[in-house]
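Novice: Quick note, the sequences are listed as chains Z and F, same order.
Going by my numbering, the letters in the first sequence line up with residues 31 to 597, in that order.
Going by my numbering, the letters in the second sequence line up with residues 31 to 597, in that order.
The hints are simulated quantities; they were obtained by calculation from the structure and are not laboratory data.
Predicted, not measured: the structure shown is a model, and the values here were computed from it.
Do not take every clue at face value.
The list makes no distinction among identical chains, and a pair is therefore deemed to hold if it is satisfied within one copy or across any two copies.
The calculated DSS-like cross-link candidates involving lysine-lysine, where the alpha carbons are at most 30 angstroms apart (straight line), are [unchecked claim]:
| hint | residue 1 | residue 2 |
| --- | --- | --- |
| 1 | K467 | K218 |
| 2 | K467 | K346 |
| 3 | K440 | K467 |
| 4 | K529 | K152 |
Protein chains: 2
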Amino acid sequence: MTTTCEDNEMNNSGMDAFSIQNYRRDSTHCFYQNRVIQPLLTDLYQITMAYAYWKSGKIEDQAVFDLFFRKNPFHGEFTIFCGLEECLKFIKNFHYSAGDINYLKSVLPEGIEEEFFEYLGKLTAKDVTLYALDEGSVTFPRIPLMRLEGPLIIVQLLETTLLTLVNYASLMATNAARYRIVAGPVAKLLEFGLRRAQGPDGGLSSSKYAYIGGFDGTSNVLAGKLFNIPVKGTHAHAYITSYSGFDELVTRELPHRESGATADLLELSIEHRKNLSSVLHISTQEANDGELAAMVSFAIAFPDGFMALVDTYDVKRSGLLNFCAVALSLNDQGYRPVGIRIDSGDLAYLSCLARQNFITISEYYGLPWFAELTIVASNDINEETILSLNEQGHKIDCFGIGTHLVTCQKQPALGCVYKLVEINNQPRIKLSQDAEKITMPGKKNVFRLYGTEGWAVIDILQKDDEDPPEPGKKVLCRHPFHESKRAFVTPARVETLYKIWWKDGAIRQPIPSLEEVRNRVQESLGTLRQDHLRHLNPTPYKVAVSDNLYNFLHDLWLLNQPIGELS
Amino acid sequence: MTTTCEDNEMNNSGMDAFSIQNYRRDSTHCFYQNRVIQPLLTDLYQITMAYAYWKSGKIEDQAVFDLFFRKNPFHGEFTIFCGLEECLKFIKNFHYSAGDINYLKSVLPEGIEEEFFEYLGKLTAKDVTLYALDEGSVTFPRIPLMRLEGPLIIVQLLETTLLTLVNYASLMATNAARYRIVAGPVAKLLEFGLRRAQGPDGGLSSSKYAYIGGFDGTSNVLAGKLFNIPVKGTHAHAYITSYSGFDELVTRELPHRESGATADLLELSIEHRKNLSSVLHISTQEANDGELAAMVSFAIAFPDGFMALVDTYDVKRSGLLNFCAVALSLNDQGYRPVGIRIDSGDLAYLSCLARQNFITISEYYGLPWFAELTIVASNDINEETILSLNEQGHKIDCFGIGTHLVTCQKQPALGCVYKLVEINNQPRIKLSQDAEKITMPGKKNVFRLYGTEGWAVIDILQKDDEDPPEPGKKVLCRHPFHESKRAFVTPARVETLYKIWWKDGAIRQPIPSLEEVRNRVQESLGTLRQDHLRHLNPTPYKVAVSDNLYNFLHDLWLLNQPIGELS
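Isolated chain Z (complex conformation) (with noise of 0.2 angstroms):
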């Protein structure tokens, strides 16, 4: 029933989904993998807009638009800037079919002329030139993580999708990256989220970004397949009831890894869980037989990859004893088990629990694996609950997570905003109530500066025109709003944060594979002092703007701004 899509998957299956110069000749592919963003994915006034511009004769205009989001996630002081690659992808294919045209036709009123259609179907991007951050970089609000120039009316149009690929994008990774901090280097973190995500293509893009923020794996096979993300998976609780007792175990011999000798993995199992009721002292009364049989059955499958899930019934009296039995039949038909998942309960009592058993064990038996055995949890976990094992002292080896990443329960949105800050080379600006709402005018450019110790000190929004800061050099660095706030600065180090990924209808830098968007990630967040990293109280990182363009801003705005009377 899938045939369309067979053969092609046959032919790339060794393609690198990341790659984007060969992206044309895959282009018959199968739905997700190298999926065309279609440019109708946008609101529909981005389409009425353009036929006013066009309409009104506005098709040489040329403009600026800076996309930037004005509060970091989390009730944290960084995000993470991702989507770039999709975005580039959209830019590189924008373009409005014969169909797209004709469903524009059916949907806007009446009268719009015959020849904004056929100017729509000949647009492309590639009068737009980007510049962007790298992907995977740390950012901060009021950053322009992209700038777009180019003629007003496409520039426009590519709005709506551009915030779509970066908002959820950045949000995930930054998502990622957090619980990557909290969790520690050394914890295998995984995402479990594909059934609780915004639909099929939301859990892709929840396990691809989570694998860039700082996870090791996905257990979402498609993503894997598509992403080259390693998959991980053991068995669900319907597994082990699926079992009520040893009558129901067909399959029992097990050959021995080296000699081929086969043993009745069931028997031995019976055996071990007997004599490990008195060495942990628990009662194998209270042992569930199918639980046994199902475990056994599992190891039988996959001899050398055994892991189980032992809260099915009870983790103390139950699953944990009926593990252990298998474990030691494993290892006496010369297999290496893996470990247990817990699934409820109280996880850091649980997993110490177990740890305790494991080492028992390992004494006991002379096994000194068996107290490296892995532990994974997996109940509903979020940031707070893994502060909160930490500080209770738990013994898990990974961490599933799903529900509270690929939702991002704490902030379900980032909230990239799309500004257009100047216009046939004159400056424009959004006023607000609000100061924080208020736009940015001109053509900036952006440049991280570095103190001694290696650490990014501060970022600063220069005007277009204006000389980058040196390294040595004394900079001035001034609060966009408040006036009094403002530091000199000497960097070791200046970073010029953006890059041009997009002009002349081509892509301008080599993209780089995922791999290296994750390590980006990891190292654009080791610039950053701690204190902005904590959970609790991070420290802002600070962001400025050139003196230059301090008094460029305060003169646009007080001249947009009538003086009002109060009446």
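Please build the complex by placing chain F on the supplied structure of chain Z, with the hints as guidance.
Specialist: Relative to chain Z, chain F alone:
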């Protein structure tokens, strides 16, 4: 560049995007439309379980799974069931391609038998039977929205994807239905959430299920095209700020609707603005000329659909005055303007102010329709905002709702689960310390009992082999967990909630159209008493079990729960 899609789009432009019957011939269709949800869009553990089942000879085992949730979202007392059609599409097309199998071989541990992959390659859902509620039905915790029967392996393999398709669809439709309830039946509701959704497809799902839940349209053009939903939109602040004065207005002429006689719309508007200044007691000095120019240009482009954003500079002192001036000019030329959008500030106050101005003008100029101009509000609106606006007595006709709607901020995941309840005709149970988390074993049917006044009174779960309740006959309804909570109900009408949707490899019911599902939502909500639907402290709707099922459940629970020893 999207030429691979174009021809199909042209050929299918009249196609009903919701017709499954037509699915096969559209399978070459590009990207979203009639997308094939791949069976790899699942958790890896489904595949490892499948292998373990296969390896242990459980190929012929027959299983029953229930898909249900435990808690209504958004602190409410109802949920709308959605996603069924997409599930049917997925089940119908369930098939691993050769590429899928190759990928699975690469991620599963070594030593998996080749025969298993051959088995997987031939697997389809033809032996599965799917019972489900009607899509768009109101439903409640613990009611299985779907019951799946069939070979254990395939029914288990469907889990994650079904959850993904039902969870967000139902959450979104429920959220939309809640907005409809607080906004009342008259207000128009538009979904504006694309840019804040979980990526491209998250946005499409949002638009679709918001419409089903009771919204009137979306800004998302692609959703409009794919699902035949009304699309709406005017312009953004960027459009207004793209003009800074009169001299930027190239085209000023607008022909009269009937006579064709051309007039300078800018001149007319400046003249009207002067007069309005005294009528409305607003100084023209503070009205922004760029804003007037932008509105004039927009009015020339859309003389029959003039709707303008009035809050770019100052609603009271600039936006309203400019809008009314252009509106009167359009009237001079024989056109009827549509209204305004307010995207910031005090929406209650500003909408009342706008309405008052419209009424004043209506009376002064003798134009009754002017008093009725549409007022759209759209700034970060959620349920509570609408309730608060209702209390304050706003004059808004239409709400544009984005972030809070599509991210379901108040509860971004529904939490449906998929539990094994029977295997080879033997009931299965998953115990838990938490009574609410214990599964209800066995194959069950669901009926809704209606009272004499037509309201739905209670839903009752029965064992599959029990006779259905009958109108006029007393039924003992019991709380599933609390022994003492029980009541007799004599239904005036009994509704069988399940239908067989998929059996013997075919869809067994006509798939309702999007409009039919949308109507079903309102019809189904209409059977609930108002106190179940209200925002504050709604009354829980009762879900009961039959006496027979109660006894069956409790016997099983006791049988499976070993008596512990306190120590």
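Novice: Which numbered hints does this structure break?
Specialist: Every hint satisfied by this model.
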